Amino acid sequence: MRVEALSSPEHPAKAAGRVLTAEEFAVQKEDRFRRGGDSRSGVLLQAPGMSTAGRRVTHFRQALPNSIATLIPHLEATMGKVLGDVLGLAAGVAISPLPIIAIILILATPRGRLNGQLFAAGWILGLSALGAVMLAIASPAGASAHNHPATWVGALKLALGVLLVLFGARQWHRRPADPSQAQLPKWMGAIDRLTPVKVFGLGLALAALNAKNAPLTLAAGAAIGSAGLPAGQQIASLAIFVLIATLGLLAPLGVFLLGGERAKTTLSNWKDWAAQHNIAVMAVLFFVLGLKLLGDGISILTS
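Residues in the sequence shown are numbered consecutively from 16, following the numbering used here.
If you're looking for bench data, these hints aren't it; they were derived computationally from the structure. The model shown is predicted, which means the values in this text are computed figures rather than measured ones. All clues stand as given, with none of them false.
Computed cross-link-like contacts, DSSO-like style, restricted to lysine-lysine with a CA-CA straight-line distance of at most 27 Å:
#1 K213 - K201
#2 K279 - K201
#3 K279 - K213
#4 K307 - K96
Start from the sequences and build out the full structure, keeping to the hints where you can.
What follows is the structure, encoded as structure tokens:
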């Protein structure tokens, strides 16, 4: 067996075109196998009569494993950074006193088991739809330029941050001096008369149209869409965001379904606390999350 060898910086003694014996060919092949097909070494085995196109295909096959090996850690690191950005936003959505009070009141109705699940399903759909719309806008619009979020993403986060800070100031100004005097919205008095369809719609509206949840979900969608992730990882990141953002509702629903006789007392205590501190909690969340988005926006615009 006679095989030609291309010149290699690691084998200077083997000049280009020199004929190898079968034993030398086997040694070079085994050496390349141990190094995992690293095309950067410059070693490229060529059988007699191989065309230039054949050499290029061989070189591509040797380089492909290294490209994949380099890409996978990059995607994992990028997705980890995205999840780090959106988990705080998801926690802000999950801590929503009014929706938590609403589902507790719904669970206390005669059809509480069914309506509670429908309310949670509407909530999940609302967050998913709003996040999906943001992804659909961000991905084709070039939200990520050279592995860096585009300028418009920074401007969006800056605007949403200002909006949340203003809402926080408004909520803090409206908080009652005595928390025990806090009053729930009038629409909550009609929850026990809502049909299952309206309960589902209520969950959807409180997720997608809420003054706090909508900006946070839009910001999360922009963060995911601006990271340059493949579509599958974008969907997975959005699903994780929605799951974390739904924990605030899943907690009372789980207590109701699994808590037995003690569930009613536990949920009543949660409702009373949330009703008394709703405005103060919302104001603090608006401030903290608004400042976070302001910081993110300024960082993107100035880097």
